[in-house]
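Participant: The residues making up each chain are set out below.
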Amino acid sequence: MSEKEELAVIVGDANVSDTPEALEAYSRDESFVRRMKPQLVAKPQNVDEVQEIVKWANSTGTPLIPVSSGPPHFRGDTVPSLGGVVVDLSRMKRIIRINRRNRVAMVEPGVTFAELQLELKNEGMRLPMPLCPRSSKSVIGSCLEREPTIIPKYQWDISDPLLCTEVVFGTGDLFRTGEAAGPGSLEDQWASGQAQTNAMGPFQVDFFRLIQGSQGTMGILTWATVKCELLPRLQKTFLVASQRLEDLLDFTYKLLWARLGDELLILNNFNLATLLAENPDEIKSLRETLPPWVLIVCVAGYERLPEERVDYQEKDVMDTAQRFGVKPVTAIDGVQGSDILEALSTVSAEPYWKLRYKGRFHDIFFLTTLGKTPEFIACMDQMAAEAEYPGTDFGVYLQPQIQGRACHCEFSLSYDPANPKEFDKVQKLFFDASKALMGMGGFFSRPYGPWAEMAYSRDGQSAMALRKVKGIFDPNNVMNPGKLCF
Amino acid sequence: MILQDYRIDLQRCSRCSLCKWLPLSQIKSWRFANACPSMVWGNFHAYSAGGRMIAALALLDGRIDYTDKLVEILYQCQMDGACDVSCKVNRDLDPLEVMLELRAKCVEEGQVLPAHMVMIESLKSDDNTLGEPKAERGKWAEGLDVKDITKEKADVLYFAGCRYSFDQDLRKIARDALSLLMKAGVDVGISGKEEACCGGRAFEIGYRGELTKYAEHNMETWKAAGVRTVVTPCSDCYGTFKFHYSRLGQEMNVEVLHITEYLDRLIKEGSLKPTKKVPMQVTYHDPCHLGRLSEPYIPWEGIERKVLGQVIVKDPPKEYRRGTSGIYEPPRDVLRSIPGLELVEMERIKEYAWCCGAGGGVKEAYPEFALSTADERIEEAMATGAEALVTSCSWCERNFRDALERSGAKIKLYDVVELLIEAL
Amino acid sequence: MALRKNVYRILEDIVGQQNISDEPVILDTYAFQWLAETISGTKFCSRPEAVLLPCNVEEVQAIIKACNRYGIRYKAFSTGWGPWNTVGGEGVIQLDLRRMNSIVEIDEKNMYAVVEPYVIGSQLQVEAMKKGLNCHMVGAGANCSILASATSMAGYGLTGIFMGYSNSNVLAVEWVLPDGEILRLGSLGSGDGWFCGDGPGPSLRGIMRGMIGALGGLGVFTKCGVKLYPWYGPPTTPMEGIHPLNGMPIPENYQAHSLTFPSWEALSDAVYRIGEAEIGYVMGRALPPGLIPVISISSAADYTQMLQMVTMDEFKYAIQIILGANSARELEYQKRAVEDILSETGGKIIQMMEEPSVKNILFRHLIKSEGISRVFQLAGTFATSLGAGTSWDTAVATGKIGEQLKRKYIERGAIADDGGDLAWGGTYQQGRFGHLEEIIMYDFQDADSLKGADEYVEESAQAAIDKSLGQPISIVRGMAEQFGPSSCDYHIWMKKIKKAFDPNTTSDPSFYIEPEA
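Protein chains in written order, with my numbering: chain V, 49 to 534; chain U, 36 to 459; chain E, 898 to 1414.
So that you can see chain V by itself, here it is in the shape it has in the complex (with noise of 0.2 Å):
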């Protein structure tokens, strides 16, 4: 049999693929990772045929590209290293259990944040996301990815919303991770009252942090339970124009302090614009309106004394705004707290957002200290002019994370994919200064593409224990090879 006559056994004819249609869309994205075709594109429906599926890869030494969202990628994660299957997990669609007591979601890699969202609604919560997802993008993937959620008082840990899991090691063994491990059956923990709301465990090991961050090199996850939030009654949104980012920052840390403001980051004008305009005209021109820095504070009240809650926090908010020299208002220029947080709860309409303005973008993107982000955008600045890249043209994002113990600090360069000067321009600088902010400190904890050589050349020790750990989950090396360190 042939291999793919092999896999068509497992998942059945319709859902392996060859066609030269198929393999060409899994053989690159939008990165600038090298381009390279699977041999073949499986779409595994349940765990026993995702199983089935690693315990077929190991036995015939095939490389194994798990692929939770659909296009378009942007990190490279998803192109395959050297050849091999590409296990599109698209058609695991199915939300397991909703589960408002404890707010839970348990649902298959398939599912995106728009079918979650939706569904949670109806329950009265809503799952944190990332600044503004595109349509296609899986809940699971993003959770993997540890995408920064705009919320970062929910995020307790750096891995939430993310808990419990299934997963298929490299090996072909099944596991649950957290609490969902046992004793007993998902049926029977349900039964005693669990939600698999712990991720911690079991007991003495944590190996859903080992999945997550691996960029499919360790296993394929085929549920997992992610943290939700309640539903707001009322919102309120506030914004904070500035000339100067380090004016907001000292205001922006006591917000976080307090535990003030739910969803709360930090957008230069272009991404602001980027974010709510619908086309490169209206993103330049409302770019010239915007301030060059604007907080985004926005309270809310829930099921339990909505009105009040949204009230002391407003004027908590102010006060604290009074004491910091700051002015929060609910429109600026002419755009309104109100659109932006309509923006900020929803999936991006197409084309996603960040496509809007040239077509393409790279993003460069690190953790490190909301205090010490000026530094690195003064040094974006001057590495972008020195590219010649126009220092208006570029988004930033800053995103506290850990409850306000980190903060994401994201640059996105657009681009032109038809101008080839362009497309070499912003692919030195993207090089340059990577390698540059990394040097400063910037933290890439998420080494996608060419990161991964240079964050690991800066751990050794990092690296080695890694190389251990996957010498145990995934021996014969068939999950995803060549990203990371292995």
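Rather than coming from a laboratory, the hints here were simulated on the basis of the structure. Where hints are given, some of them may not hold.
[Said to hold, decoys possible] Cross-link-like lysine-lysine pairs, in silico, DSS-like; alpha carbons within 27 Å at most:
| id | chain 1 | residue 1 | chain 2 | residue 2 |
| --- | --- | --- | --- | --- |
| 1 | U | LYS218 | U | LYS258 |
| 2 | V | LYS284 | E | LYS1006 |
| 3 | V | LYS302 | E | LYS962 |
| 4 | V | LYS302 | E | LYS1006 |
| 5 | V | LYS103 | E | LYS1213 |
| 6 | E | LYS1305 | V | LYS302 |
| 7 | V | LYS363 | E | LYS1393 |
| 8 | V | LYS516 | E | LYS1393 |
| 9 | V | LYS284 | E | LYS962 |
| 10 | U | LYS188 | U | LYS207 |
| 11 | V | LYS302 | E | LYS902 |
| 12 | U | LYS140 | U | LYS186 |
| 13 | E | LYS1393 | E | LYS962 |
| 14 | E | LYS1305 | U | LYS341 |
| 15 | U | LYS104 | E | LYS1006 |
| 16 | U | LYS385 | E | LYS1027 |
| 17 | V | LYS363 | E | LYS1027 |
| 18 | U | LYS341 | E | LYS1213 |
| 19 | V | LYS302 | V | LYS363 |
| 20 | V | LYS420 | E | LYS1006 |
| 21 | V | LYS332 | V | LYS469 |
| 22 | V | LYS476 | V | LYS406 |
| 23 | V | LYS375 | E | LYS1028 |
| 24 | U | LYS228 | U | LYS218 |
| 25 | U | LYS228 | U | LYS207 |
| 26 | V | LYS420 | E | LYS1213 |
| 27 | V | LYS420 | E | LYS1393 |
| 28 | V | LYS363 | E | LYS1028 |
| 29 | E | LYS1396 | V | LYS516 |
| 30 | E | LYS1232 | V | LYS363 |
| 31 | E | LYS902 | V | LYS375 |
| 32 | V | LYS103 | E | LYS1232 |
| 33 | U | LYS349 | E | LYS1348 |
| 34 | U | LYS218 | U | LYS311 |
[Unchecked claim] Looking from chain E toward chain V, a few residues come up when the C-beta cut is under 7 Å (computed):
| id | residue |
| --- | --- |
| 35 | PHE1092 |
| 36 | LEU1101 |
| 37 | ALA1111 |
Every residue, glycine too, gets a C-beta built ideally from N, C-alpha and C.
Chain V is fixed; fit chains U and E onto it per the hints.
Facilitator: Frame of chain V, contents of chains U and E only:
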């Protein structure tokens, strides 16, 4: 009680290590969170009260035998009782009593330190632990027109103590204190060279018989002299009279006061009127023996019985010493009565005070450890910003002086008496 | 099996003569432990071959490398309370990390601290409070090491509702691996600071600790970053009253109450609603009925008297809660939320606990985490059981089952009659998950009592498996083998990790796991 009587308690130590720290809610800083000088010095768990409880158990069970290290561990401790206060926040244990019993057992079994043997020899020959001739004991009072209670009656006996009697650097304090009493019109006398050691230090290092001997001697002397009150400027003596004499079960029949209590009383009565300004910010060091160790011994005889299945209660109920009724306010009140003087507190005060380092036979046997402990207290005092560290104990004073001389730390050192004199 | 002299000398060269000992008296003080009798039948577990007091990561590394070279096992601890700190048998040296006691940094704005192993909860708390911050306090008490709780050992505590669980509070970590190599987790490994413990790529926290911790079986942790949380009170917190029943005056933006409900179900509902309302600074069953007297007793003798005086029914379905707020307005919102929840669930405030001096003592207990060691006071010792981190509903079910299981042991007189209900615990991360562990108090010096306690602990562990009550906190030797088969065979994976990271099995496996054969 003997060590064996504590065997059950020894097993009940949970090794929580609370004996190493101030009671947790009393901790005010990372820097001054420790309660136990011995643990800071020795670092191994054996140097804590809990460690010594375990060592005692191991010794009783025959798991270990005497070694130089064991003896060193048992004696590298000022017996300051801070551990005891901390332990009893949540437990019905008596670690200080265990440590006293352990030392007594050492002495009984011949496990003694040469430095302590010298002290005891001196005690036996000259009634003091300092190696000084008994004949010179009363010299500190030469020139003072004070009654000799061995010859004439007085209401109050002023008991100078060994350190004040023989330490030439400190004699002035003893004289000043006495002068203050006389100035206030107190009918006071001394016993001069007939004064003998209180016996407290000997007891603390395990020589139990010496305490009995000196307690009986002193109490007989006081009785014979017909004094109603005994006043001492030495906190060690005070603690011994209050704590250790009371464990002997004999009625004292005299009121025992520390000099600061008496002076406080005289000031409040109006017999002494501090009027001169002493513009200074000071901090006060609570001597252990005036503070937590001055609470009377509380005898208990009874049984343990179980209620509610396995809850263990003492029958009759046992009362515990917790250090709360030490002499804390009188010395502070004296200082507060001095015009211009401002009292600022260190972090570890009253029943939670850090030891000066001199007690328990440490100054004699392990002088380096004693000074290191004093250094720690001086650092704490300096952290308050005060110009001066004030105390009210000859042993504390001596050890602080030695430590300051060695380190050159820039803080003045006074006895409460010295500052009061300045204010009069 | 004493250490060979040359090996002792090599270790001595690393830490200095003063900081190593193989004196029997010293060794015995490390062999003695609470619950040792459950391992060895006596108060002493195995003696270490020597005890070492390293003072920095370099010394720890040198020791571990020497251990690997000479085939010696080691076991490190920080504050060292509990039998899991003891060495597992012959040929093991003990590393007492006491001399590594610095608060390296408190980053006020980014709300974290960097600590060495021997910084205890109280120390970090008072320094943090000076900067408007506070730290999660484990239920075991503020005398426990912050680092140990963050890296190596469970981490339940009633501040969990506001400050999470120890596992989720750890940031970057400096970790000497079992083979002596130094691994720096997260941002620290790249030299970027302490603000994150994860990456690049997969988080190696995944093998570091889990819910319970590796308990010294996978190397030595020498520094870590831990999250700090807001403290809305004054920078210093003087106590009032007479020792040891001190009260902590309740600062302006705080309140403390005991709330009682008509049933377990009502209590459970209320706890869920408290979490959803995002209120509560400390919350949980701090004082289940059998522990209520400890709030105002100073010795065991007082316990029975108090037990009779207290109206137990009021405390049967009760929780204690501290409200803490950034502003008077927020406090008002929180108060109203509590009133609403009480009204919806039929709950009420226990008036007896509203007396100011009692409230202040309660406030001290809950903020300072000073009181829990009283469970030793009453019967001599205690053990705990069940207590998985799970949904609050399951936690409550666990409490009920624990009470049922205890009954026969109480009836036969084997354990203290605490009324049957000593289910202690609360919720974490604003109600995301909870735990109730069932405490028993017993007299280990009484053979029947000890036997009964052992049986109860065993029976409750089996109940956790049979009734799917989550993963209990039964920290015993061999627990991985005991619970692995019912929990995805995680023990088999642990064995592989042990083998990969500890090729010579030098890091004492006794409370972790033996490597894969």
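Participant: Take a quick look at whether LYS228 of chain U and LYS207 of chain U sit within 27 Å of each other, Cα to Cα.
Facilitator: 17 Å, holds
Participant: For LYS1232 of chain E and LYS363 of chain V, compute the direct alpha-carbon distance and say whether it is at most 27 Å.
Facilitator: Satisfied, since the Cα-Cα distance of roughly 17 Å is no more than 27 Å.
Participant: Checking one constraint from the list: CA of LYS1305 of chain E to CA of LYS302 of chain V, max 27 Å. Satisfied?
Facilitator: 54 Å, violated
Participant: Are LYS140 of chain U and LYS186 of chain U close enough, with their CA atoms no more than 27 Å apart?
Facilitator: It is violated: about 41 Å lies between the C-alpha atoms, which goes past 27 Å.
Participant: Less than 7 Å between beta-carbons is the criterion; does ALA1111 of chain E satisfy it with respect to chain V?
Facilitator: OK, holds: ALA1111 of chain E within 7 Å of chain V, min 6 Å.
Participant: Within 27 Å, alpha carbon to alpha carbon, are LYS332 of chain V and LYS469 of chain V?
Facilitator: Status holds; Cα separation ~21 Å.
Participant: Does LEU1101 of chain E pass the interface check with chain V, least Cβ-Cβ distance below 7 Å?
Facilitator: It holds, given that the least Cβ distance between LEU1101 of chain E and chain V is near 6 Å, below 7 Å.
Participant: Next pair to validate is LYS363 of chain V with LYS1393 of chain E; report whether the Cα-Cα distance is within 27 Å.
Facilitator: 55 Å, violated
Participant: Take a quick look at whether LYS218 of chain U and LYS311 of chain U sit within 27 Å of each other, Cα to Cα.
Facilitator: 16 Å, holds
Participant: With the threshold set at 27 Å, check whether the alpha-carbon distance from LYS103 of chain V to LYS1232 of chain E stays at or below it.
Facilitator: 57 Å, violated
Participant: Between the alpha carbons of LYS103 of chain V and LYS1213 of chain E, is the straight-line distance 27 Å or under?
Facilitator: 53 Å, violated
Participant: Straight-line Cα separation of LYS516 of chain V and LYS1393 of chain E no greater than 27 Å?
Facilitator: Holds, at roughly 10 Å.
Of the hints listed earlier, those the structure fails to meet are numbers 3, 5, 6, 7, 9, 11, 12, 15, 26, 27, 31, 32, in rising order.
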